[in-house]
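Chemist: Just so you know, the sequences run in chain order A and B. Letter by letter, the first sequence follows residues 52 to 166 in this note's numbering. Letter by letter, the second sequence follows residues -10 to 105 in this note's numbering.
Derived by calculation from the structure, the hints in this document are not laboratory data. A hint or two may mislead.
[What the hints assert, rightly or not] Restraint-style ranges between C-beta atoms, simulated for each label pair:
1. A:Arg73 to B:Lys(-8): 28 to 38 Å
2. A:Thr66 to B:Ala70: 40 to 50 Å
3. B:Gly32 to A:Thr66: 19 to 29 Å
4. B:Asp7 to A:Pro121: 29 to 39 Å
5. B:Phe36 to A:Thr64: 38 to 48 Å
6. A:Glu113 to B:Lys(-8): 24 to 34 Å
7. A:Gly67 to B:Thr9: 43 to 53 Å
8. A:Glu104 to B:Glu45: 31 to 41 Å
9. B:Val2 to A:Leu90: 44 to 54 Å
10. B:Arg17 to A:Ser89: 26 to 36 Å
Ideal Cβ placement from N, Cα and C applies to all residues, glycine included.
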Amino acid sequence: DSGVTQTPKHLITATGQRVTLRCSPRSGDLSVYWYQQSLDQGLQFLIHYYNGEERAKGNILERFSAQQFPDLHSELNLSSLELGDSALYFCASSVAGGRLNTEAFFGQGTRLTVV
Amino acid sequence: AQKVTQAQTEISVVEKEDVTLDCVYETRDTTYYLFWYKQPPSGELVFLIRRNSFDEQNEISGRYSWNFQKSTSSFNFTITASQVVDSAVYFCALSEALYNFNKFYFGSGTKLNVKP
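Sequences are here, hints too, so could you generate the full structure?
Modeler: Structure follows, in structure tokens:
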């Protein structure tokens, strides 16, 4: 168990809908990262939050947004869903977000299926 | 630009065989970190190892060993006496050590099938 909790584990929704994925980082971790794993694109970095502030953006669509709350949990909001958004979405957390690079521990992922 | 290449898409071995998973990386940073993660059929990503760019010592952990060679920009992973439970997708990743943020560049993964 990595200590990173993601809910829900599975999500099935229709095109055009909006969903929210939730991530609770390991206790004490300030950084949260979101990744998308799809069959054609592999593992892609979406966004990084550190102690409530956005620190880096990767290949995140404008239809997607994220935030990190004062209790350090994070939510990834996906809107106007398309079939191509079907993927496994991972959250990872680590202690530091700067020069001191540490292991990032990944949650079990949320499998999103858009039908 | 940063890039991680895992040229082996899928490897099949018979139990007890040794197997090496290749990883080649590109980066212009002098400080960086390399990782291996395992993704079993259940889907989660399991951390295996982290190495920094200043430490080229090879590492052994049980049946797992890693060979880091900066001269060839490679960070290969060997499983000795493979077991069926080793069947998974293995990802090599590169992380920059930049101020204020870090992010991972993952390779495309190597699927390892270990047959009894």
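Chemist: For the range 19 to 29 Å, tell me whether the beta carbons of B:Gly32 and A:Thr66 fit it or not.
Modeler: holds (23 Å)
Chemist: Against the range 31 to 41 Å, how does the distance between the Cβ atoms of A:Glu104 and B:Glu45 compare: consistent or not?
Modeler: holds (35 Å)
Chemist: When you take the CB atoms of B:Asp7 and A:Pro121, is the distance between them in 29 to 39 Å?
Modeler: violated (50 Å)
Chemist: Does the Cβ pair B:Arg17, A:Ser89 satisfy 26 to 36 Å?
Modeler: holds (28 Å)
Chemist: Could you tell me whether the CB distance from A:Gly67 to B:Thr9 stays inside 43 to 53 Å?
Modeler: Cβ of A:Gly67 to Cβ of B:Thr9: about 47 Å, so the range 43 to 53 Å holds.
Chemist: May I ask you to test the hint 44 to 54 Å on the CB atoms belonging to B:Val2 and A:Leu90?
Modeler: violated (24 Å)
Chemist: Tell me if the beta carbons of B:Phe36 and A:Thr64 are separated by a distance inside 38 to 48 Å.
Modeler: violated (30 Å)
Chemist: Could you see if the CB distance from A:Glu113 to B:Lys(-8) stays within 24 to 34 Å?
Modeler: About 26 Å separates the Cβ atoms of A:Glu113 and B:Lys(-8), which means 24 to 34 Å holds.
Chemist: Holds or violated: the 40 to 50 Å window for the beta-carbon distance between A:Thr66 and B:Ala70?
Modeler: Hint holds: Cβ distance 48 Å, inside 40 to 50 Å.
Chemist: Does the hinted range 28 to 38 Å hold for A:Arg73 and B:Lys(-8) at CB?
Modeler: holds (32 Å)
Checked against the numbered hints given earlier, the structure breaks hints 4, 5 and 9 and satisfies all the rest.
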